[in-house]
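S.K.: Residue numbers (my numbering), protein chains in the order written: chain V, 100 to 263; chain X, -11 to 207.
By construction, these hints were calculated from the structure, which means they are not laboratory data.
With a straight-line cut-off of 30 Å between C-alpha atoms, the simulated DSS-like cross-links for lysine-lysine are: (1) X:K110 / V:K156; (2) V:K156 / X:K106; (3) V:K239 / X:K186; (4) X:K106 / V:K216; (5) V:K143 / X:K141; (6) X:K106 / V:K159; (7) X:K141 / V:K156; (8) X:K36 / X:K21; (9) V:K147 / X:K110; (10) X:K106 / V:K144; (11) X:K110 / V:K212; (12) V:K167 / X:K106; (13) X:K196 / V:K216; (14) V:K147 / X:K106; (15) V:K239 / X:K106; (16) X:K141 / V:K144; (17) V:K168 / X:K110; (18) V:K132 / X:K141; (19) V:K167 / X:K110; (20) V:K173 / X:K110; (21) V:K143 / X:K106; (22) V:K216 / X:K141; (23) V:K182 / X:K110; (24) X:K141 / V:K133; (25) X:K141 / V:K147; (26) V:K143 / V:K132; (27) V:K216 / X:K193; (28) X:K106 / V:K182; (29) V:K239 / X:K193; (30) X:K110 / V:K216; (31) V:K138 / X:K141; (32) V:K159 / X:K110; (33) V:K168 / X:K106; (34) V:K205 / V:K173; (35) V:K239 / X:K110.
Label pairs and their computed distance ranges (CB to CB): (36) V:R211 / X:E144: 22 to 30 Å; (37) V:V203 / X:D99: 28 to 36 Å; (38) X:E181 / V:K167: 40 to 48 Å; (39) V:T158 / X:K21: 38 to 46 Å; (40) X:A154 / V:L235: 20 to 28 Å.
All C-beta atoms, glycine included, are put in the ideal place defined by N, C-alpha and C.
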Amino acid sequence: MKNYWTLMLLIGSFLIVGCNQSIVTAKEPSKAKKFEDLKPEEIKKIQKALGWDDYLKSTKQMSLDEAKKRWGQKPFSAEAFQKGNWRVRAPLAVDLLAHKEIYVGKTEQQLRKELGKHDGFFWRDSIPAYIIEDGLETGKDSWQIVFFVGMNDRVDDLRIYENN
Amino acid sequence: MKIASLVPMSLIMLIASTALSAEVPSECERWFKESGAKPGTGRDCVWKCVAHPVDMGTFTCGSYCDELCGREVVPKDDRYLKGTKYAACRDEYLYSIRHPRSVSMVQNARDRAFALTKEHFKQNRADDESDAFRHFVWSSLISMESGSDIASKFLEAHESCVTEDAAQEMDRHNNQTGIQTVEKLRKEGRLTEEAIVKEGLDLVKNGKLVVIAPRRKPK
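For reference, chain V alone in the conformation it holds in the complex:
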C-alpha cells in the first residue's frame, strides 16, 4: 500500500513538472519559432514596421528612358564595369537595365565576382548597389544601380535609384 502511494506521488510529481514545462513553452512560443515558420502576413507586417515599404516609395527611381537621356547606353561589359569609375559605369548600367536578363537569376556570389564590391548604399549594407553618378563630383544628385537579391540568393530585379 505504501509503495502504491509512493508510486502515485512520483507520477504526480512528473505530471506537475511536465505541465509547468509546457506552460513555460506555451508562454513563449515565439522563442522556438524559425524563420520558415513565419507567415507571409507576419513578414509583411515586419517589413512595414521596419519602414521598407516607405523607403521604396520615397526613394527616387529612374526609368530606362530617363537613364538613356542622362547617360546614354553602351553594350554591357562586366570587366569594364568593375574596372571603371562611375562615368564608365553609367552607360553600361543603362544597358543592364535594358537587358535585365543578363543578371536576373544569377547568384549573389556570381554578381559580386563579376562586378566587384559595391560602393553604393540602398537601405542596408548587404544590398548590392553601384554608384553610377557621384553627386559629390558633379554637384548634382547621386545615382546608383541596385540589385535585388531574394531569399534564394539569386538576383530578382535591378533598378536605378537615387543615392541618398
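Knowing the structure of chain V, use the given hints to seat chain X on it.
M.R.: Frame of chain V; chain X shown alone:
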C-alpha cells in the same frame, strides 16, 4: 481502429501538401484545359475550374485554380518570401517578431541615422566614412532609447546577413563603439543626440572608427 484510419489520412495530407508546395503539375494543366475554363475571366474561370471533376491522378488540381486562371494568389510558399531578403535578414525578422515593441524605435533610429549621415557626408555609401558614421549613430540612438542590450542584439541580427567578413567586422566595431560611447555619455550626464553626433564626427576625423574604403572625412 481510429489510429489505423489516421495513418492513411496523414499520408494523403502529406502527399497533398508536398504537391501544393511545388509548381503547377503538368497533369493539372491538361486537366484545366479539359475543364473549359478560360484564364483571364476572373471568378467564372475559377468556378468552372473548381467544379471540374477530378480523379486519382488529378485530385489536387483544384488547389491550383487561381494560378491556372491567371489570378493573383495568396502566397503559400516562398513566392512572397523570396523578396524578403531585401528588407531584413532572417534573424532580424525573428528578432522583430519576438520584440515587436522595439521595431518602430529601431526604425526611427535608422531613419535618423540615414538623415544625419546625409547631412554630414552628403551621401550614404558602403565601407567608407559615411558607413562608419551611420552605424555609430544608429547603434548609439538605439542604445540611448532602449539600452545597450537591445542595441547589441538587434544589430547582431542585422549583421547576420552581411556575407563579407571585413564589412561585418567594420560594422560590428562601429556599432560597439556607438554603444560604449552612449554608456560614457550617460555616466557623464550629457547624453543627447547632439553629443552623439559630435562624438561620431570626431571619431571619424581621428580615424577611431573602422573604415575599409576611405573616401572623405566630414568637414
